[in-house]
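Please arrange chain B on chain A, whose structure you already have, making use of the hints.
Protein chains in written order, with our numbering: chain A, 1 to 317; chain B, 1 to 317.
To be clear, the hints were calculated from the coordinates, so they are not data collected in a lab.
Quick list of simulated restraints, FRET-style, between CB atoms:
| # | chain 1 | residue 1 | chain 2 | residue 2 | range |
| --- | --- | --- | --- | --- | --- |
| 1 | A | Gly233 | B | Glu267 | 26 to 36 Å |
| 2 | A | Ser199 | B | Ile127 | 49 to 59 Å |
| 3 | A | Gly24 | B | Thr62 | 51 to 61 Å |
| 4 | A | Glu309 | B | Ser65 | 50 to 60 Å |
| 5 | A | Leu292 | B | Gln197 | 45 to 55 Å |
| 6 | A | Asn290 | B | Lys2 | 50 to 60 Å |
| 7 | A | Thr287 | B | Asp234 | 26 to 36 Å |
| 8 | A | Arg230 | B | Asp244 | 36 to 46 Å |
| 9 | A | Gly24 | B | Glu129 | 33 to 43 Å |
| 10 | A | Thr287 | B | Arg250 | 39 to 49 Å |
| 11 | B | Arg230 | A | Met1 | 51 to 61 Å |
| 12 | A | Leu131 | B | Gly233 | 20 to 30 Å |
| 13 | A | Arg230 | B | Glu267 | 41 to 51 Å |
The structure displayed is predicted, hence computed values, not measured ones. Think of the CB as a built atom: it goes at the ideal place given N, C-alpha and C, for glycine as much as any other residue.
There are 2 protein chains.
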Amino acid sequence: MKILVTGGAGCIGSDLAQRLLLQGHSVTVVDDLSSGKLEHIAPLLPNPRFRFIEADLVDPGTTQSAMPGIDFVHHLAANPDVKYSPGDPTDKDLRQNILVTYNVLEAMRLAGVKPLAFSSTSAVYGIAERLPIPETDPMLPISLYGATKMGCEGLISAFQNLFGMRCWIFRFANIVGPKVRKRGRTVISDFIHRLQQDSGKLLILGNGKQAKSYLTAAECVDAMLFAIERAAGDLHVFNLGCDDSLTVDRIAELVIEAMGLPGVKLEYTGTEGGWPGDVPRFKLDVTRINRLGWKAKMTSEQAVNTAIEALVPLCRP
Amino acid sequence: MKILVTGGAGCIGSDLAQRLLLQGHSVTVVDDLSSGKLEHIAPLLPNPRFRFIEADLVDPGTTQSAMPGIDFVHHLAANPDVKYSPGDPTDKDLRQNILVTYNVLEAMRLAGVKPLAFSSTSAVYGIAERLPIPETDPMLPISLYGATKMGCEGLISAFQNLFGMRCWIFRFANIVGPKVRKRGRTVISDFIHRLQQDSGKLLILGNGKQAKSYLTAAECVDAMLFAIERAAGDLHVFNLGCDDSLTVDRIAELVIEAMGLPGVKLEYTGTEGGWPGDVPRFKLDVTRINRLGWKAKMTSEQAVNTAIEALVPLCRP
Numbered sequence: 001m002k003i004l005v006t007g008g009a010g011c012i013g014s015d016l017a018q019r020l021l022l023q024g025h026s027v028t029v030v031d032d033l034s035s036g037k038l039e040h041i042a043p044l045l046p047n048p049r050f051r052f053i054e055a056d057l058v059d060p061g062t063t064q065s066a067m068p069g070i071d072f073v074h075h076l077a078a079n080p081d082v083k084y085s086p087g088d089p090t091d092k093d094l095r096q097n098i099l100v101t102y103n104v105l106e107a108m109r110l111a112g113v114k115p116l117a118f119s120s121t122s123a124v125y126g127i128a129e130r131l132p133i134p135e136t137d138p139m140l141p142i143s144l145y146g147a148t149k150m151g152c153e154g155l156i157s158a159f160q161n162l163f164g165m166r167c168w169i170f171r172f173a174n175i176v177g178p179k180v181r182k183r184g185r186t187v188i189s190d191f192i193h194r195l196q197q198d199s200g201k202l203l204i205l206g207n208g209k210q211a212k213s214y215l216t217a218a219e220c221v222d223a224m225l226f227a228i229e230r231a232a233g234d235l236h237v238f239n240l241g242c243d244d245s246l247t248v249d250r251i252a253e254l255v256i257e258a259m260g261l262p263g264v265k266l267e268y269t270g271t272e273g274g275w276p277g278d279v280p281r282f283k284l285d286v287t288r289i290n291r292l293g294w295k296a297k298m299t300s301e302q303a304v305n306t307a308i309e310a311l312v313p314l315c316r317p
Numbered sequence: 001m002k003i004l005v006t007g008g009a010g011c012i013g014s015d016l017a018q019r020l021l022l023q024g025h026s027v028t029v030v031d032d033l034s035s036g037k038l039e040h041i042a043p044l045l046p047n048p049r050f051r052f053i054e055a056d057l058v059d060p061g062t063t064q065s066a067m068p069g070i071d072f073v074h075h076l077a078a079n080p081d082v083k084y085s086p087g088d089p090t091d092k093d094l095r096q097n098i099l100v101t102y103n104v105l106e107a108m109r110l111a112g113v114k115p116l117a118f119s120s121t122s123a124v125y126g127i128a129e130r131l132p133i134p135e136t137d138p139m140l141p142i143s144l145y146g147a148t149k150m151g152c153e154g155l156i157s158a159f160q161n162l163f164g165m166r167c168w169i170f171r172f173a174n175i176v177g178p179k180v181r182k183r184g185r186t187v188i189s190d191f192i193h194r195l196q197q198d199s200g201k202l203l204i205l206g207n208g209k210q211a212k213s214y215l216t217a218a219e220c221v222d223a224m225l226f227a228i229e230r231a232a233g234d235l236h237v238f239n240l241g242c243d244d245s246l247t248v249d250r251i252a253e254l255v256i257e258a259m260g261l262p263g264v265k266l267e268y269t270g271t272e273g274g275w276p277g278d279v280p281r282f283k284l285d286v287t288r289i290n291r292l293g294w295k296a297k298m299t300s301e302q303a304v305n306t307a308i309e310a311l312v313p314l315c316r317p
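Next comes chain A alone, as it looks inside the complex (with noise of 0.2 Å):
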């Protein structure tokens, strides 16, 4: 197959591209470069089966001309950053998320492809009612990410209806992997790059007892080609994420582990979230998942642990 993969220097959508190479797919990586990086793509470039497009997909024709001959649309782009802090602008999630996904289905139903895996997020659903959350939970996003992330919900599924699309949504719990993107701290190369620069003590944002799911690239990777290899119908919704979840302040001391200090301070901004928008606890139902017979491997504990493994010698300054 010919696959389109959107925000493929992004550092889930490298792996993705990387992986369906390895199948034996042709593989295009659009991707404005903006939190993605040319090295995460680098070891992709002298393969003859892919093709790396700079452009940004907020522009439609850009989108359009990225389209005839694909078979498939891993549909990535979006801004990573789920953190709004006063000042920034308001519009930075419309556009990244909302156009550009708009631009992505009316560049594939111009071109009539009709299959798309898309990736969404646990931020869709805010503050939960109940953990942990099952698809079919009420969604009301206290971010601008979730909130776009869920008007591309919508928009996926009115145009699967609308042109006989075949679509899998996927709601991420938190992404965690060896790779760093460009701009946007996660919790963990936020600590590392704290600690490298006062080794004494580690400012935590919000009160340490934030719990949320975390997953490894890898494991999102194999679950969304699981999934869409499995769940052959016209429109899925899946959480990805395992069934447990880590706290901040635990992270901290992995962290902390990790990179061998003794006698580290902790301090806390002291707000229960971490940031404004930030959900504070979260939980996935991934129960739907489970039963098409696919489970994460490693509990949130031993993902981060993955992670800052592989980050701490990365981050060294």
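Here is chain B on its own, set in the frame of chain A:
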């Protein structure tokens, strides 16, 4: 209060604007008259507390210039036509629903305006797994209209949380009334027009078995104002409708009866839904608004009949 009603020249918005003026408020209506009509607000124009701005809210500057001094926003402006016909642009709802709603939210944020009532739709649910549909059930819209209203709900939920707004989201049943919009026929006006052209037969889009909930615009305005007064929390979602539904076949009978036409031959396009993206059967669970103390006075049949009685003389060629 100084109240902004976007889409205030529409069938529902103009009723709402009139009611707010009667309550003693000052009302600013912004409408681009693309589906609203000047005649709907003509009776309000002489009122010194009424102001009309003819403008398209898709322009951020226009939206922002209407906001200073406003105490409350009723955001009804939208593409009102749920239908998608092959050949239509697919970005109309994206622009008129999502981009306009983002512009309204951003203008409110910039001007420090906190309370917002938003007109959403039962079309956000798509083909529901169970009827009646409570507010907490999944959203898998099958129309671009429903999809983009779902996107608006996401944005409102996030803005509410990030910027301390107070928001009421109302998911409307099919709203009917004595006013006719500029473009996009409803089932009632469609039947009347077809019978005026040929009183011997009536073509029904679909198989006639479609069954939906109806509410008059007057009762819809009642319900919104009631909920805003009584449900004073930060974020509310309400289904607005009555607790029954009415078939398209029965509406055809009622229109034929009201027009005094014997022996009309009914013809059907025969599909389950009337058009691509049409949800053939829905009934809203209105327990939440009922528990707050509001209940529709009219059944779906009474609501539709009220509209038919008003529209038949109006639509005479």
